[in-house]
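Can you make the complete structure from the sequences, with help from the hints?
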Amino acid sequence: MTDYVLNTWYPIAWSREIGRKIEPRRIVEENVVLFRKEDGAVVAMEDACPHRLLPLSLGKLRGDTIECGYHGMTFDCSGKCVRIPGQEMIPPSAVVKTYPTHENMGLVWIWMGDPTLARTEDVFDLAQYHDPDWSVAEGDALYIKANYLSLADNLCDPAHVSFVHTSTLGNAASEDIPVHHEEQPGKMLTWRWIIDAPPIPLFAKFGNFKGNVDRWHYYHYHAPSIAIIDFGSADTGTGAPEGRRDNCMQIYACHFMTPVDAETSIDHWLHVKNFQATDEINKALSDQFRVAFAEDKMILEAIQMNEKTFADRKTIKIAIDAAPRRMRKMVEKMAGEALA
Amino acid sequence: MTDYVLNTWYPIAWSREIGRKIEPRRIVEENVVLFRKEDGAVVAMEDACPHRLLPLSLGKLRGDTIECGYHGMTFDCSGKCVRIPGQEMIPPSAVVKTYPTHENMGLVWIWMGDPTLARTEDVFDLAQYHDPDWSVAEGDALYIKANYLSLADNLCDPAHVSFVHTSTLGNAASEDIPVHHEEQPGKMLTWRWIIDAPPIPLFAKFGNFKGNVDRWHYYHYHAPSIAIIDFGSADTGTGAPEGRRDNCMQIYACHFMTPVDAETSIDHWLHVKNFQATDEINKALSDQFRVAFAEDKMILEAIQMNEKTFADRKTIKIAIDAAPRRMRKMVEKMAGEALA
Amino acid sequence: MTDYVLNTWYPIAWSREIGRKIEPRRIVEENVVLFRKEDGAVVAMEDACPHRLLPLSLGKLRGDTIECGYHGMTFDCSGKCVRIPGQEMIPPSAVVKTYPTHENMGLVWIWMGDPTLARTEDVFDLAQYHDPDWSVAEGDALYIKANYLSLADNLCDPAHVSFVHTSTLGNAASEDIPVHHEEQPGKMLTWRWIIDAPPIPLFAKFGNFKGNVDRWHYYHYHAPSIAIIDFGSADTGTGAPEGRRDNCMQIYACHFMTPVDAETSIDHWLHVKNFQATDEINKALSDQFRVAFAEDKMILEAIQMNEKTFADRKTIKIAIDAAPRRMRKMVEKMAGEALA
Chain A
11 MTDYVLNTWY PIAWSREIGR KIEPRRIVEE NVVLFRKEDG AVVAMEDACP
61 HRLLPLSLGK LRGDTIECGY HGMTFDCSGK CVRIPGQEMI PPSAVVKTYP
111 THENMGLVWI WMGDPTLART EDVFDLAQYH DPDWSVAEGD ALYIKANYLS
161 LADNLCDPAH VSFVHTSTLG NAASEDIPVH HEEQPGKMLT WRWIIDAPPI
211 PLFAKFGNFK GNVDRWHYYH YHAPSIAIID FGSADTGTGA PEGRRDNCMQ
261 IYACHFMTPV DAETSIDHWL HVKNFQATDE INKALSDQFR VAFAEDKMIL
311 EAIQMNEKTF ADRKTIKIAI DAAPRRMRKM VEKMAGEALA
Chain W
11 MTDYVLNTWY PIAWSREIGR KIEPRRIVEE NVVLFRKEDG AVVAMEDACP
61 HRLLPLSLGK LRGDTIECGY HGMTFDCSGK CVRIPGQEMI PPSAVVKTYP
111 THENMGLVWI WMGDPTLART EDVFDLAQYH DPDWSVAEGD ALYIKANYLS
161 LADNLCDPAH VSFVHTSTLG NAASEDIPVH HEEQPGKMLT WRWIIDAPPI
211 PLFAKFGNFK GNVDRWHYYH YHAPSIAIID FGSADTGTGA PEGRRDNCMQ
261 IYACHFMTPV DAETSIDHWL HVKNFQATDE INKALSDQFR VAFAEDKMIL
311 EAIQMNEKTF ADRKTIKIAI DAAPRRMRKM VEKMAGEALA
Chain X
11 MTDYVLNTWY PIAWSREIGR KIEPRRIVEE NVVLFRKEDG AVVAMEDACP
61 HRLLPLSLGK LRGDTIECGY HGMTFDCSGK CVRIPGQEMI PPSAVVKTYP
111 THENMGLVWI WMGDPTLART EDVFDLAQYH DPDWSVAEGD ALYIKANYLS
161 LADNLCDPAH VSFVHTSTLG NAASEDIPVH HEEQPGKMLT WRWIIDAPPI
211 PLFAKFGNFK GNVDRWHYYH YHAPSIAIID FGSADTGTGA PEGRRDNCMQ
261 IYACHFMTPV DAETSIDHWL HVKNFQATDE INKALSDQFR VAFAEDKMIL
311 EAIQMNEKTF ADRKTIKIAI DAAPRRMRKM VEKMAGEALA
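Chains as they are written, first to last, in the working numbering: chain A, 11 to 350; chain W, 11 to 350; chain X, 11 to 350.
FYI, nobody ran anything at the bench for these hints, they're computed from the structure. Careful, some of the hints might be misleading.
[Claimed, not checked] Taking CB as the label site, the calculated pair distances span:
id: 1; chain 1: A; residue 1: Asp186; chain 2: X; residue 2: Cys87; range: 17 to 27 Å
id: 2; chain 1: A; residue 1: Arg26; chain 2: X; residue 2: Cys87; range: 50 to 60 Å
id: 3; chain 1: A; residue 1: Pro142; chain 2: W; residue 2: Arg300; range: 53 to 63 Å
id: 4; chain 1: A; residue 1: Met308; chain 2: X; residue 2: Lys197; range: 23 to 33 Å
id: 5; chain 1: W; residue 1: Arg300; chain 2: A; residue 2: Ala214; range: 53 to 63 Å
id: 6; chain 1: A; residue 1: Ala214; chain 2: X; residue 2: Lys293; range: 49 to 59 Å
id: 7; chain 1: W; residue 1: Lys107; chain 2: X; residue 2: Leu199; range: 57 to 67 Å
id: 8; chain 1: A; residue 1: Ile205; chain 2: X; residue 2: Gly50; range: 57 to 67 Å
id: 9; chain 1: W; residue 1: Met308; chain 2: A; residue 2: Ser88; range: 25 to 35 Å
id: 10; chain 1: X; residue 1: Lys107; chain 2: W; residue 2: Arg300; range: 49 to 59 Å
id: 11; chain 1: A; residue 1: Tyr153; chain 2: W; residue 2: Asp74; range: 31 to 41 Å
id: 12; chain 1: W; residue 1: Gln194; chain 2: A; residue 2: Leu127; range: 54 to 64 Å
[Claimed, not checked] 27 Å max Cα-Cα, derived DSSO-like pairs, lysine-lysine:
id: 13; chain 1: X; residue 1: Lys307; chain 2: X; residue 2: Lys215
id: 14; chain 1: A; residue 1: Lys307; chain 2: A; residue 2: Lys339
id: 15; chain 1: W; residue 1: Lys307; chain 2: W; residue 2: Lys197
id: 16; chain 1: X; residue 1: Lys324; chain 2: W; residue 2: Lys90
id: 17; chain 1: W; residue 1: Lys90; chain 2: A; residue 2: Lys155
id: 18; chain 1: W; residue 1: Lys293; chain 2: W; residue 2: Lys215
id: 19; chain 1: X; residue 1: Lys324; chain 2: X; residue 2: Lys307
id: 20; chain 1: X; residue 1: Lys215; chain 2: W; residue 2: Lys31
id: 21; chain 1: W; residue 1: Lys107; chain 2: X; residue 2: Lys318
id: 22; chain 1: X; residue 1: Lys70; chain 2: A; residue 2: Lys318
[To be verified] Which bits of chain X does chain W cover? Going by a derived footprint, with three or more residues having C-beta under 8 Å, they are:
id: 23; segment: 79-88
id: 24; segment: 172-181
id: 25; segment: 187-198
Beta carbons: idealized from backbone N, C-alpha and C, even for Gly.
See the structure below:
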């Protein structure tokens with residue numbers, strides 16, 4: 011098993027997906043079921059009956075309890091067995107593991123580590139998500155056959171945009187612009203500015219810039235599984251690099267990663283923008299992101315395969331690797347601390 | 011390799027499937043071909059030419075011999091090579107392993123163990139199968155991605171019916187009725203009676219009961235691979251529990267299991283009933299069983315997967331496990347004896 | 011990893027498949043990209059960027075360089091990195107492995123071993139391929155889930171034709187005719203003559219023989235991956251066995267094998283014949299070969315599977331195995347020499 015950071019809040023599902031039926035999910039190599047109680051709270055349990063290991067996701071929701079689909083053993087929201095049909099005595103070991111959950115930003119978050127350390131105030135938040143001057147649109151839960159840290163590499167790496175996303179998020183103007191980075195506690199910030207250059211295709215399509223723009227990409231990575239890409243543009247010469255970004259187009263592309271197993275991750279993505287958007291515009295924007303993230307997916311999955319094919323190949327490092335490499339050390343340290 | 015009981019007769023195919031062509035099958039992790047000789051007897055051989063290991067199932071039936079599809083080496087029904095094209099000398103090691111077979115109850119039975127111990131009088135039989143007062147209908151060869159002993163668990167376990175087969179073979183009335191069991195040499199009997207309760211859906215549909223019934227389920231498991239489920243109902247108060255079952259509806263649901271490999275089994279099932287049935291009724295009954303056995307299949311396959319996912323998880327035991335646990339010990343002992 | 015002969019020219023693609031785009035191929039368990047330079051020469055490189063291992067086949071061809079699809083690192087035809095966007099310094103280890111290539115007989119050939127030993131004059135050639143009195147038709151690149159040496163066994167074995175290819179290349183007349191063989195440096199010749207027998211189906215269809223023919227099969231195997239099957243027929247009594255083959259029908263069925271990995275090979279096949287053929291005739295002939303080679307594929311793939319199923323089974327040897335066994339020793343010796 012990979013060493014995952016366990017004492018952290020991971021996104022596991024869209025809130026809208028969880029209701030009054032039992033939903034199975036997989037995260038950090040564990041199988042989990044989710045359902046919404048009658049009072050609306052989300053419950054998470056291990057997806058296995060302690061009797062014969064039948065997935066509880068094949069059982070029935072009875073009020074706020076799950077009845078196993080094989081012999082009717084029934085478990086309440088704390089995981090305690092409250093019924094074994096045909097017998098009075100319930101063994102004290104008849105318990106299913108449960109996990110703390112919380113909802114924010116349209117997502118269900120789960121805590122897979124020591125439950126006594128789970129504080130809901132630590133669940134990630136982005137202020138603009140709740141700001142009426144900004145608008146929000148949910149994207150997809152993108153399934154990627156690659157380790158989530160390979161996706162995290164990508165999200166500490168503004169440079170790839172110039173080559174991978176040329177039809178949407180990048181263009182040739184940025185190819186040779188160096189990337190900066192700064193490590194902060196539990197975070198990695200990478201960024202670059204492209205000054206006085208044509209707008210990227212997405213902004214050319216949805217903004218109304220007259221000519222060249224000053225464009226920024228700030229990648230805020232929050233270890234281990236969150237990345238907020240702050241990117242935007244303003245007409246060149248209006249002072250955006252100096253901080254006057256009022257009259258600009260700005261988007262937070264938010265990536266909430268679920269590490270499924272060593273070779274699989276899910277990217278729940280959404281976008282928050284400093285302008286109101288019709289459903290139509292939101293759909294059009296999301297379609298642009300879909301194109302871009304499908305490009306990332308193709309690359310990450312191809313790398314995942316080649317990492318197996320060339321298992322003992324020593325790779326070379328270049329300048330833009332500085333941030334991803336420090337990010338990986340940070341995550342490794344976090345995973346190690348929990349074990350110490 | 012799993013430790014299989016080898017000195018036993020296993021069902022391997024429906025008799026009607028075996029004719030004048032070479033049929034491949036897999037059982038206890040061995041590959042076998044079957045064909046019917048000109049005199050009607052069924053021959054079983056290993057499915058590999060001893061020369062290059064080409065499956066003999068890709069060869070040709072020539073009279074009562076098989077000609078290998080690669081170089082024409084030809085083997086008679088005893089497995090002896092009788093021709094090597096292009097050479098006179100036939101090496102004495104040019105022999106294919108053969109297996110004893112026998113037919114009964116519409117099935118071909120095979121003996122995978124020591125052939126000197128194979129006695130055709132030991133092939134399983136159910137008297138009612140041949141009784142003109144009873145009628146028979148063959149079901150399917152249901153392919154299940156689970157170990158056959160997991161299926162055997164299920165067939166030593168009347169309790170699951172109340173939760174798994176609620177639309178066909180069970181109903182809520184039996185949920186809390188305890189199960190009895192009794193070990194006999196090479197057999198495990200489990201049973202329960204449900205007194206004065208509504209008939210199960212299958213009997214409500216095909217019987218003509220006026221009101222509540224007394225219902226029985228007797229599961230006769232014959233180690234290692236046969237289970238005969240005797241179940242039926244009679245109008246409450248007519249004395250069925252005391253033995254007066256003349257005016258009742260009774261079915262023997264017969265399960266003949268082929269252990270294919272550690273994770274695969276085939277359940278050849280058929281039903282024998284104490285009433286005559288038109289083809290239409292038989293088909294309708296079989297369709298009900300199909301629904302029920304598909305439910306078992308789903309559960310057994312999910313458990314098989316979770317047993318891998320939670321490979322070192324210690325499960326809990328409840329009252330209804332007594333019979334399956336003793337059944338597994340019995341089979342283990344039988345498998346061990348052959349090795350001793 | 012299997013021990014492959016590396017210091018040899020292997021066929022890797024049809025020449026017509028390689029143009030101004032990047033084509034991925036796999037050979038001797040290595041992943042390779044091919045493309046044609048602006049001057050027409052074929053370049054072969056390892057299919058992995060030395061930075062993050064992204065397959066270069068997902069990159070872009072820029073003139074005679076490949077730009078990696080992730081960060082734009084660019085490699086020239088010698089494999090040297092000539093650009094890293096965003097930085098000046100190019101580390102000397104930023105190099106992709108390249109492989110010598112050559113074209114002949116409509117195929118691209120590649121040298122996977124020590125490049126200093128690659129001599130293009132050693133690339134296989136068949137004089138008749140270039141002879142205007144003969145005509146050529148390319149067949150397919152047949153993908154076979156079997157080790158290439160199992161295919162080589164088949165191509166040192168004229169005897170199988172009588173049993174495997176009865177509708178095309180063989181008939182019962184040859185079943186009992188012994189096979190001869192002769193080992194030559196780096197070659198294995200196997201052959202037999204069938205005198206005064208009906209023509210095989212393919213010659214009955216495309217030749218105009220009046221009655222019986224004298225037929226020959228000469229299998230010229232060139233270790234490790236080439237086999238030229240010289241087969242033909244002439245009217246019986248016209249002196250073909252004594253060497254007078256002028257008035258005959260003769261075909262060279264050429265097999266150029268690519269060892270992909272231990273369980274996969276590709277057979278690039280074509281035919282060269284001593285008569286002119288319309289496109290229609292060539293297509294009809296190729297269709298006959300397709301039938302025959304699909305039969306070989308089925309047999310080789312079944313054997314490959316059974317070699318796993320019966321991994322420790324000792325097989326028996328018969329007379330026709332002499333040539334394949336010596337062939338295998340020859341190839342083993344060649345593979346070992348490179349390591350010594």
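Hint by hint, here is what the structure shows:
no. : hint                            : result
1   : A/Asp186 - X/Cys87: 17 to 27 Å  : holds (23 Å)
2   : A/Arg26 - X/Cys87: 50 to 60 Å   : holds (53 Å)
3   : A/Pro142 - W/Arg300: 53 to 63 Å : holds (57 Å)
4   : A/Met308 - X/Lys197: 23 to 33 Å : violated (46 Å)
5   : W/Arg300 - A/Ala214: 53 to 63 Å : holds (59 Å)
6   : A/Ala214 - X/Lys293: 49 to 59 Å : holds (51 Å)
7   : W/Lys107 - X/Leu199: 57 to 67 Å : violated (37 Å)
8   : A/Ile205 - X/Gly50: 57 to 67 Å  : violated (43 Å)
9   : W/Met308 - A/Ser88: 25 to 35 Å  : holds (28 Å)
10  : X/Lys107 - W/Arg300: 49 to 59 Å : holds (58 Å)
11  : A/Tyr153 - W/Asp74: 31 to 41 Å  : violated (55 Å)
12  : W/Gln194 - A/Leu127: 54 to 64 Å : holds (55 Å)
13  : X/Lys307 - X/Lys215             : holds (24 Å)
14  : A/Lys307 - A/Lys339             : holds (23 Å)
15  : W/Lys307 - W/Lys197             : holds (23 Å)
16  : X/Lys324 - W/Lys90              : holds (17 Å)
17  : W/Lys90 - A/Lys155              : violated (52 Å)
18  : W/Lys293 - W/Lys215             : holds (13 Å)
19  : X/Lys324 - X/Lys307             : holds (23 Å)
20  : X/Lys215 - W/Lys31              : violated (30 Å)
21  : W/Lys107 - X/Lys318             : holds (18 Å)
22  : X/Lys70 - A/Lys318              : holds (23 Å)
23  : 79-88                           : violated (count 0)
24  : 172-181                         : holds (count 3)
25  : 187-198                         : holds (count 3)
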